[in-house]
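What follows is the residue order along each chain.
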Amino acid sequence: MTLPASLDEAVAALTAMPAAVPVAGGTDLMAAVNAGQLRPAALVGLGRINEIRGWQYQDGHALLGAGLTHARMGRPDFAALIPALAAAARAAGPPQIRNAGTLGGNIATAAPTGDALPVLAALEAVLVIIGPGGQREIPVSHLLAGREMLRPGELIGFVRVPLLHAPQVFLKATGRTGPGRAVASVGLVLDPARRGVRCAIGAVAPMPLRPLEAEQWVASLIDWDGGRSLAPEALEAFGEYVAAACVPDQGEPVAPGVLHLRRTVAVLARRALGRALSS
Amino acid sequence: MSGQDAATATTVNTTVTAMAAAPGPETAEQQVPRGIGASVEATDTRAKTEGTFPYAADLWAEGLLWAAVLRSPHAHARILSIDTTAAAEMPGVRAVVTHADVPGATTHGRRIADRPVFAHDVVRHHGEPIAAVAADHPDTARLAAAAIAVEYELLDPVTDPEQAFGAPALHPDGNLIRHIPLRYGDPEATGEVVVEGLYRIGRQDPAPIGAEAGLAVPRPDGGVDLYTASTDPHTDRDLAAACFGLEPDRVRVVVTGVPGATADREDAAFQLPLGLLALRTGCPVKLAATREESFLGHTHRHPTLLRYRHHADAEGRLVKVEAQILMDAGAYADASAESLAAAVAFACGPYVVPHAFVEGWVVRTNNPPSGHVRGEGAMQVCAAYEGQMDKIAAALGIDGAELRMRNVLATGDLLPTGQTVTCPAPVAELLRSVRDYELPALPKDAPEDEWLLPGGPEGAGEPGAVRRGVGYGVGMVHMLGAEGTDEVSTATVKVVGGVATVICAAVDTGQGFGTLARQIVQEVLGVDEVTVAPVDTDQPPAGPAAHGRHTWVSGGAVERAAKMVRTQLLQPMAHKLGMSTELLQIQDGRITSYDGAFSMSVAEAMAGKELWATAQCRPHPTEPLDADGQGDAFVGLAFCAIRAVVDVDIELGSVRVVELAVAQDVGRILNPRRLEARIEAGVTQGVGAALTENLRTVAGLVRHPDLTGYALPTALDAPTIRIVKLVEERDVVAPFGAKAASAVPVVTTPAAIASAVRAATGRPVNRLPIRPSAAVASPNS
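Chains as they are written, first to last, in our numbering: chain G, 1039 to 1317; chain C, 17 to 797.
Looking at chain C on its own, in the form it has when it is part of the complex (with noise of 0.2 Å):
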């Protein structure tokens, strides 16, 4: 009985183990994660954590040279002479290039050529590039540039934008870059409830991990080659072209490691003088700038004046709002055009207002360059309007959540630039998922938790001082270039041998976009080895990485070209069982009927092919603002919508961010882990402008531009990010019905944070980043 007993046992384990262990493998092979809608891990996750990834600082070749800029040191001088003679005789320099040495046109910018190569009569910036320098040795390369002569006359900075309008001319082309009057219905409307508010937004910067680096390698053919991390490749070689002469065909832009951007990368300033040096050599010669050069030398977010005037009823409905708008472009116009046409579009927020009368102005100064920083324009402004909504509910005492809800903008809507919102528009939906989601806990309820104290661990801060806020923010972006930008992209899918390339200029600047690719060629032909080719000029254009164009353009053309391929692999077969090929399938790496009488795998289908696609991808063309702001000048548009939850000690004004809880309009989930990490963040760069950055300059110069002066969020500022809801409702425009998610986080999360230090300390934080001075506030408040 026993005996028969532990046979019976041992069996049934027997079986167990069996069972157990007969799955593993495929559950393996399910736990690898391929196409659309599953968290496949990105192409350089593994290279990146382990130190190996190739950034463009790690460029090497034989004989290389190292090359130095001579940058300004004045915000605004005549320059009267440039000697460059003590320079050029030093032991290890190879060449000195200065404006008089540049061969093709002697301006450039990425959207207006108003920029000069190296400055020769006036420079307009501090840290302006006025000569560069190669030599044997990094050293040699900077004692050289230092020991170029420059005779300055100093001018006197115009560094106040309200200045500019009547200051003398810095620039040919005038102070005044764009102006936008946007007029939007009836300018005598009039509400009960009528709020003013000046806001200032500081000068934010893109503090890219790896600071500017290439190297340029001349070709036998006279041309150069250039590798750097360039985010817009075939723009950046245009305009090198231009400026050294050549046909474009001659510069070849080759994209290595980007270490991270949230705006432009990869400076002009950099590129033209490497490519020259290189040209006038002959020699490989590489830059890798410090962390100085790389604050002074790329393009800031804009500092902002804004004020504002918000009528509502007496139940709080928007009536009209007027505003003005002030950006400061600094010296150059780069995107700043672009920047004002949202903030001015934007100017409302995602609310209906009937009546709308904005007037935006950007301006030449003398302070460093302002351009394309993620969410630019639209963050400026979410501050302020968002700041005006907590004003009319506190005069109307309404909650602020409250209040906003009954101005949300809808699908169906109309935007004060006349455009209607056809793409979906779940405002009211977002902000309830914020509103309704559970607070975290006070301190008092949950004494057995660890509380981090504004001011950090063993800080200053005291339980007694600290008061809680909660505030909210609704900001939206558009996605894709504006106001008539072409915005098209080319890519090519081939297949060989079971294996799938996508060949794309869009360059993953670490949104994501190779493994975006992966994953949609996985989806479509159901392959699961694709690789993604890296980026040169040589290929065709995709354009620059910016406003969620790739996941878009380069999304959508990588699709159609795979689903070309799908259509060349499946016709014979198709045409073999006589029916169409949209009754075939490709799912699970196999090819199946609709009727399933017909089944093969897709590695079988493909033995022995050579398949090739190219396509394009071209949305919907969009129109100018014209004379009243007005005109369909947006692709589409996201939303989101951020609870912030802040601690205030009152009486030092820290802010420490406890919890921000957000909710956003994606469209669809293409990588669950990956959108996850794009909004985290977002929300962190947020809670940078919120509270500690600003590029502070004196009379034009920059104060401290190093991290320990420019203090970006660290583990300990950086809040606990919930992300309570996701919308997904579909784009039907956009390729996927996905939208962008990396910029409106960054646009909403200081509005939220500002309306929760205004909550908790009833300051009316006009001004980011918040100083501590603005909020201290008496204990009785």
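Okay, chain G solo, but in the shape it has when bound (with noise of 0.2 Å):
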């Protein structure tokens, strides 16, 4: 276990030890370790590295650090900034797993059930790759997708965010009122200046689900100029269409647990969009 200082100094770490695994706050990855799914030769603390704990700004963005704690996005502060993700992180399970899980980890781990992936995939967020060749950047969606991978020594640096300064939403069905692993969430953001609104489904598969034409549907109903408010029924309509673009039908008859899913996502998309247009 070493624990570097700074960024160079992590990539310095891993470069020198290819089968070492970076460490942030190992919700997941010391849960796979007592499990005994994984046993890494060496582990690299990301813990010190002060440059990433915090956020700073980039002409009309959040450079966010990718050793942000659920915890501390979740504050008020924060939630002024980009409402969704602190919603998504004052969800992301209970005080001890929120104080110590990062936001780098949530994308790392690419859990489906990731709370922060569905806010991060409808932000359309970029992040920057820190690596022994410099910095590279990716947006998040061809990482969740496998489409570009972390090469060797490479880490999550940081996570680029637009700030829209218009109403965010995100929402997750879980099984009990505690907290708990998503059913499906959402992740919905208004963007005024590009009149468009952006929507990814999370949990349903293995990485978060856009539904591109409901959402250039249903932006292109809504007034931007005016007190943008819709119809239930067109709320209605915006909600089926992602759930049956998210979720669809694995033949026929569409199985129960299938219809319930496909429901919920409908439910749910109709909810974040109808809070997002009433906010």
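Watch out, some of these pointers could steer you wrong.
[To be verified] What follows is a set of in silico ranges between Cβ atoms, one per label pair, in the way DEER data are often shown:
(1) C:Q340 - G:I1176: 51 to 61 Å
(2) G:R1174 - C:D461: 54 to 64 Å
(3) C:E696 - G:M1055: 43 to 53 Å
(4) C:D202 - G:E1274: 49 to 59 Å
(5) C:I225 - G:A1293: 29 to 39 Å
(6) C:L170 - G:A1293: 23 to 33 Å
(7) G:A1293 - C:P203: 39 to 49 Å
(8) C:E167 - G:P1244: 46 to 56 Å
(9) C:L458 - G:N1088: 47 to 57 Å
(10) C:M106 - G:H1099: 26 to 36 Å
(11) C:P184 - G:R1185: 42 to 52 Å
(12) C:E454 - G:H1099: 46 to 56 Å
(13) G:L1041 - C:R719: 45 to 55 Å
(14) G:P1244 - C:E454: 48 to 58 Å
Hints are computed from structural coordinates only; laboratory data are not their basis.
We treat Cβ as the ideally placed atom computed from N, Cα and C, and that holds for glycine.
Put the two chains together into one complex, using the hints given.
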């Protein structure tokens, strides 16, 4: 276990020990180690790297450190910047997990149920990857879809997220009132400047799904210069549209589980858009 | 004038101060509760909250080795070969044991010896132990266990209990563990209303907060001491001795820091490998299970399939109940026969039923093993018969509580087993209490309150989609072992120098037996300082901690022993005074005669004396259920009524339990605070069974054996619990007249919640735990 104090040191440590695994909050990694599924030869702890524990502003964007904890993102000052990411962070498990788990870890683990992921997908966040050859940028969806992978010695350093200054919503359905894994989740953001609605559905597939046609359709209905409101029927139709796009049929007859999931996604998408437009 | 005034004022002030000060210490003394009926603080509360309580996982011995158990990754397979060479050759490994190394009996079981110590020819469930390793480091032990090469031939697992009847025998004893056909009354009887239902109950895990752990220490005499958190030390000792090929007195089970138990604790599959490894290596051996091993190793609540047909007359009075109950035991019998007896006997619930025909089966499958979990049998049928009561109420258009009220059981009525209910059965009073209790306000009536919507804080819940439902559950359990079990317990009370000690092998699993024993001795002998000795098997047996036994039999034994000590203490004085000991009383630390002429402090009377007494308590005998399911099988019964109020987001199907109003038949309150805590704990476990707890399997393999996959209720899931009525009608045959309090809320809560979700959604809700898809409804219905 090494504890580098900067990103460059961390990259150097990872390059020197190609078998080493970076660890931040450890909420997923250490559980896998304890369960005997992983036995890393060495660990590079990212907990002492101060440069990735906060955020900075960069021409209309926020550059979020990958080491931001869920607890930190859940606080009001962060919520004022990126409300949906703050809501996802607050929903991400019990306080012990939120205190340790990080934004970068959520992306690197890429669990289907990762709460931050649909929000990042809806925000079209870009990852700033730090590696031995300098830094490069890849869209978050490319990494989650496996279109681009982290190369040896590379780390997620920062996450660039646009500041949209408009309502955003994160909602998730779980099996209980207390913190639980998402059955389905939705991240939805309004982008008045581009007159767009962007929405991603989490937990129903290995990566967050974007219902692009439904987004374009509903954005064309919204009066962006006026009250930005929609008729209940339109919200309902948007929900159905999103659900049909994200939860496909798997042959006839449709399994009851698929029906329930589709209904859940439709309700979440409808409520999310309704809340975004009414706030 | 003014000076005088001032003086008077000063005097008054002084007096007031003095008066306030003087009773101070006395009040403080009175505030330390003692004796029966007082909220005596539990013995281990401080240690547990401060983190100093020594749990079994904290045990340590010089030079100890660490054990690991190799478990089957398959649900059903033939073992072709086991090769331990690679594991045994690993540096640091001290011993590897398999089936071939068991010196004594190769099968064991707390009730029926049908479970192999290590699987040898066949594995019958996922997680069955195959071999164990002792090494000088826990990681080495685990790696070595993983290095044992086992060649399997996969067999088709039998995972559907309905298929077990026709499937090839999974065990030499056959697949049918027990069949009870209960026949009571006229099979031709019919009612004007007939309702049918099919109910499925999931697999609840006891999920103890502390996983299994233990330490085995070899003894110079060739025996072994097992330090574990056993809840039934003498049975565990006997089966361990049989497997080790030792006389029982060469094995000692020392009970250490039980981290809570709502079921049989310390799976023998831990203790036996531990003991074998200690005997083999001559070194102390420790094993601390991971959460995953704990889920795989210990027994669960029986998953049950229930098919019901109820007949009622036009007024809603029950005429006949027909039921088929099929319980899934997993691969081994364990407590299944007893669980089935409870399920069949209580299949109609605490209602008067003139005719009942119930068939119950418990069968072997390759699913995870089932066994004793509190309220077993009774909980599964409660969910089903209460579902039937809701159906009758709906068919007749009668309110659910009213329909139940028309059928309630009372003392003197007959159970369908032909047994007369002789104990207090205040079912009507319980039901009335919860029905008449004020309903919690609706959000629209109390807008200033903060409302937690289904789905949790900041969740997806939307007030417009939330429907409120109110439902009822009435449940019953039996107390003590049933069907002729010899429920005896022995206790010793000694008093030396004014300090009393209780020696009794009743394990305090968190139910508070240690506290109760202190209260009893304080009450009978008037001493303040009472200690309870740690439990080991050198003490006489007290039996398992289950079915509220220890309050009854062990509490009864402690009381008798304490009374014998009291007689020894008072006899000389009574003799001197020329009166019988009954005319002397002990109160507030003083011994006084009936006429007040004689008075002496207890401390003074006890000075220089050493008093010992040992006594037994054995309740009146019971008999097994006969070929028609008839017989006086139960010592006593306890009842509970719960009204559940739930909010359901009918679009997402998320359920939040808003409030549970509980009325319980407790016989007598021995310790109000502890009683409340026990009821709240039981209700919360019932909330888990109702909404989230189900250990899922796919083809017999346990999915997600961890606390993320197995969702226990959190503080946010636990509802407001209002204990609206505790009915104190003393059970005359029970010592102190008290009834077991922990199990019956577990039994009743899921039924009440299901009833409330039915009311909110109009859906049938016939499966526990209630899945969101079963609680989705259209807003118009």
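Each hint, compared with the structure:
1. C:Q340 - G:I1176: 51 to 61 Å: At 60 Å between Cβs, range holds.
2. G:R1174 - C:D461: 54 to 64 Å: holds (59 Å)
3. C:E696 - G:M1055: 43 to 53 Å: holds (52 Å)
4. C:D202 - G:E1274: 49 to 59 Å: holds (56 Å)
5. C:I225 - G:A1293: 29 to 39 Å: holds (37 Å)
6. C:L170 - G:A1293: 23 to 33 Å: 27 Å Cβ-Cβ, so the 23 to 33 Å window holds.
7. G:A1293 - C:P203: 39 to 49 Å: At roughly 41 Å between Cβ atoms, P203 (chain C) and A1293 (chain G) fall inside 39 to 49 Å, so the hint holds.
8. C:E167 - G:P1244: 46 to 56 Å: violated (34 Å)
9. C:L458 - G:N1088: 47 to 57 Å: The hint (47 to 57 Å, Cβ to Cβ) holds, given that L458 (chain C) and N1088 (chain G) are roughly 50 Å apart.
10. C:M106 - G:H1099: 26 to 36 Å: violated (54 Å)
11. C:P184 - G:R1185: 42 to 52 Å: Holds, since P184 (chain C) and R1185 (chain G) (Cβ atoms, about 50 Å apart) stay within the stated range.
12. C:E454 - G:H1099: 46 to 56 Å: holds (55 Å)
13. G:L1041 - C:R719: 45 to 55 Å: violated (36 Å)
14. G:P1244 - C:E454: 48 to 58 Å: holds (50 Å)
Violated hints, listed in ascending order, are 8, 10 and 13; each of the other numbered hints is respected by the structure.
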